[in-house]
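Peer 1: The opening position of the sequence shown corresponds to residue 436 in the numbering used here, with each subsequent residue numbered one higher.
A couple of the hints might just be wrong.
[Unchecked claim] In silico DSS-like links for lysine-lysine, alpha-carbon gap of 27 angstroms or less:
#1 Lys675 to Lys720
#2 Lys509 to Lys811
#3 Lys511 to Lys532
#4 Lys849 to Lys511
#5 Lys849 to Lys811
#6 Lys635 to Lys849
#7 Lys837 to Lys849
#8 Lys835 to Lys850
#9 Lys509 to Lys850
#10 Lys686 to Lys804
#11 Lys811 to Lys675
#12 Lys835 to Lys849
#13 Lys720 to Lys811
#14 Lys637 to Lys622
#15 Lys532 to Lys509
#16 Lys637 to Lys850
#17 Lys630 to Lys686
#18 Lys824 to Lys796
#19 Lys630 to Lys604
#20 Lys484 to Lys849
#21 Lys630 to Lys850
#22 Lys622 to Lys835
#23 Lys622 to Lys788
#24 Lys716 to Lys665
#25 Lys584 to Lys511
#26 Lys584 to Lys535
#27 Lys622 to Lys811
#28 Lys727 to Lys716
#29 Lys835 to Lys511
#30 Lys849 to Lys515
#31 Lys825 to Lys835
#32 Lys849 to Lys675
#33 Lys535 to Lys835
#34 Lys811 to Lys686
#35 Lys637 to Lys686
#36 Lys675 to Lys727
#37 Lys804 to Lys788
#38 Lys720 to Lys665
#39 Lys584 to Lys622
#40 Lys515 to Lys484
Worth flagging that the hints you see were computed from the coordinates, not collected in a lab.
All of these numbers come straight from a predicted model, not from anything done at the bench.
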Amino acid sequence: MKIILIFFYNLVWAIVYILSFPYTIFKRLTSPREWEERLGHYPFDYSGKDTCIWIHGASLGEITAASHLAMRIKEKFPDKRIVISSMTVSGKERAMKIMKGLNNFVLLPFDFFPLVRNGIRRINPETLILIETEIWPSLIFICRRRGIKIVLANGRLSDRTFKRYLHMKSLSQRLFNQIDIFFPKSKDEEQKFLKLGIKKAKINIVGSLKSDNSHPVPFTRSFLSIPSHKSVIVAGSVRKGEEEIIIRIFKALREDFNETYLIIAPRHLNRVSEIENILRKENLKYMKRTEKNSYNEEDVLILDTMGELRNVYSVADIAFVGGTLLPYGGHNLVEPAFFGVPILFGPYISNTKECALELVKSDSAIVVKNERDFRKSISYLLNHPRRRKKMGENSRNYLKQKRGVVDNYIEALKKDAIL
Numbered sequence: 436m437k438i439i440l441i442f443f444y445n446l447v448w449a450i451v452y453i454l455s456f457p458y459t460i461f462k463r464l465t466s467p468r469e470w471e472e473r474l475g476h477y478p479f480d481y482s483g484k485d486t487c488i489w490i491h492g493a494s495l496g497e498i499t500a501a502s503h504l505a506m507r508i509k510e511k512f513p514d515k516r517i518v519i520s521s522m523t524v525s526g527k528e529r530a531m532k533i534m535k536g537l538n539n540f541v542l543l544p545f546d547f548f549p550l551v552r553n554g555i556r557r558i559n560p561e562t563l564i565l566i567e568t569e570i571w572p573s574l575i576f577i578c579r580r581r582g583i584k585i586v587l588a589n590g591r592l593s594d595r596t597f598k599r600y601l602h603m604k605s606l607s608q609r610l611f612n613q614i615d616i617f618f619p620k621s622k623d624e625e626q627k628f629l630k631l632g633i634k635k636a637k638i639n640i641v642g643s644l645k646s647d648n649s650h651p652v653p654f655t656r657s658f659l660s661i662p663s664h665k666s667v668i669v670a671g672s673v674r675k676g677e678e679e680i681i682i683r684i685f686k687a688l689r690e691d692f693n694e695t696y697l698i699i700a701p702r703h704l705n706r707v708s709e710i711e712n713i714l715r716k717e718n719l720k721y722m723k724r725t726e727k728n729s730y731n732e733e734d735v736l737i738l739d740t741m742g743e744l745r746n747v748y749s750v751a752d753i754a755f756v757g758g759t760l761l762p763y764g765g766h767n768l769v770e771p772a773f774f775g776v777p778i779l780f781g782p783y784i785s786n787t788k789e790c791a792l793e794l795v796k797s798d799s800a801i802v803v804k805n806e807r808d809f810r811k812s813i814s815y816l817l818n819h820p821r822r823r824k825k826m827g828e829n830s831r832n833y834l835k836q837k838r839g840v841v842d843n844y845i846e847a848l849k850k851d852a853i854l
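Can you build the whole structure from these sequences, using the hints too?
Peer 2: See below:
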């Protein structure tokens, strides 16, 4: 049955591959290195040599979560070769930047049997560690057939994805049962995997990798050319539809707090031009991070760079984490806590529910139910610096209590003979 399902899955890929062949030729001419890697042709070939640990994350967030684990494995097992793969070019570039001392960074091949087989042969892994939600049937099937151990680390399923898997439980159970060990990032996620038929013996909760990442390098206000007397609000990982709400709130706030300064970081950089349009419509002066060399009396800084949001939270008086005002499910809520910043987020937190509840319970964060509540909460915190400071201290302490997750991962992987 598994072979039949994989056959039809790959048949679809074959059709897509044939139909996109002209585009493939074009991409091989315009982006040869990238496209070669998508086809599983890597600039190295370790077949017949010592095996390695292969860690795969989708993009920036997953790669950042994987970085501390990868570096700790290298520290504990210096002779082990480690290969890092990503689904996106930005993820690969981020990995190369933050994982000093590692040398093999590649893009994941398209999940078509011959291409995946090419990649696996060249990487020659003994273990594949997938980060969060990277479930690729052909990749998992081939690794299983070759006796490669498969681990799902920091595992999570969005509510939407979980419902989809639940509707085809018999199929998804066959797929998930190919994985040797599950490390769900929370008890809520554990329950989802159990409901999909994963045996409890395969599941081990050791915490979230994102709460035990290396401390981001802080930016200073002088580095960003922001006057020290400004009250800085950082709105990070903002999604489509949220930008206008945040900018509208910020403009209204300036009637009472004219020394406030907004840094807005879109989740996707293709939203930058739309944010510019909204700011122009609201008559707010702005600069883009890529163009800013000095303070130009601007009201807003658009963070149009990749991988800097974690650092930028260090200059915030108040942080808002996006993807939560509208039903996107939320993003990494703990990043502002590295710098002891009070955190605001909206009611849509399905991707990070347990963390959100813990932050609120520890008095590190406030849930804003709507636009009116959002404005009211920011006004309150701007008017009460001592309250702001206390929440920031709580957020830093919350994060301290979460330390040690990576070491727990290492011990669990050793216990299960993965390392």
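Peer 1: Against this structure, judge whether each hint is valid.
Peer 2: Hints, one by one, checked against the model:
no., hint, verdict
1, Lys675 to Lys720, "holds (21 angstroms)"
2, Lys509 to Lys811, "violated (47 angstroms)"
3, Lys511 to Lys532, "holds (21 angstroms)"
4, Lys849 to Lys511, "holds (11 angstroms)"
5, Lys849 to Lys811, "violated (50 angstroms)"
6, Lys635 to Lys849, "holds (19 angstroms)"
7, Lys837 to Lys849, "holds (21 angstroms)"
8, Lys835 to Lys850, "holds (25 angstroms)"
9, Lys509 to Lys850, "holds (17 angstroms)"
10, Lys686 to Lys804, "holds (19 angstroms)"
11, Lys811 to Lys675, "holds (22 angstroms)"
12, Lys835 to Lys849, "holds (25 angstroms)"
13, Lys720 to Lys811, "holds (24 angstroms)"
14, Lys637 to Lys622, "holds (14 angstroms)"
15, Lys532 to Lys509, "holds (16 angstroms)"
16, Lys637 to Lys850, "holds (13 angstroms)"
17, Lys630 to Lys686, "violated (46 angstroms)"
18, Lys824 to Lys796, "holds (17 angstroms)"
19, Lys630 to Lys604, "holds (9 angstroms)"
20, Lys484 to Lys849, "holds (22 angstroms)"
21, Lys630 to Lys850, "holds (26 angstroms)"
22, Lys622 to Lys835, "holds (20 angstroms)"
23, Lys622 to Lys788, "holds (10 angstroms)"
24, Lys716 to Lys665, "holds (23 angstroms)"
25, Lys584 to Lys511, "holds (19 angstroms)"
26, Lys584 to Lys535, "holds (26 angstroms)"
27, Lys622 to Lys811, "violated (33 angstroms)"
28, Lys727 to Lys716, "holds (21 angstroms)"
29, Lys835 to Lys511, "holds (22 angstroms)"
30, Lys849 to Lys515, "holds (14 angstroms)"
31, Lys825 to Lys835, "holds (15 angstroms)"
32, Lys849 to Lys675, "violated (43 angstroms)"
33, Lys535 to Lys835, "holds (25 angstroms)"
34, Lys811 to Lys686, "holds (13 angstroms)"
35, Lys637 to Lys686, "violated (51 angstroms)"
36, Lys675 to Lys727, "holds (24 angstroms)"
37, Lys804 to Lys788, "holds (15 angstroms)"
38, Lys720 to Lys665, "holds (15 angstroms)"
39, Lys584 to Lys622, "holds (24 angstroms)"
40, Lys515 to Lys484, "holds (12 angstroms)"
Checked against the numbered hints given earlier, this structure breaks hints 2, 5, 17, 27, 32, 35; the rest are met.
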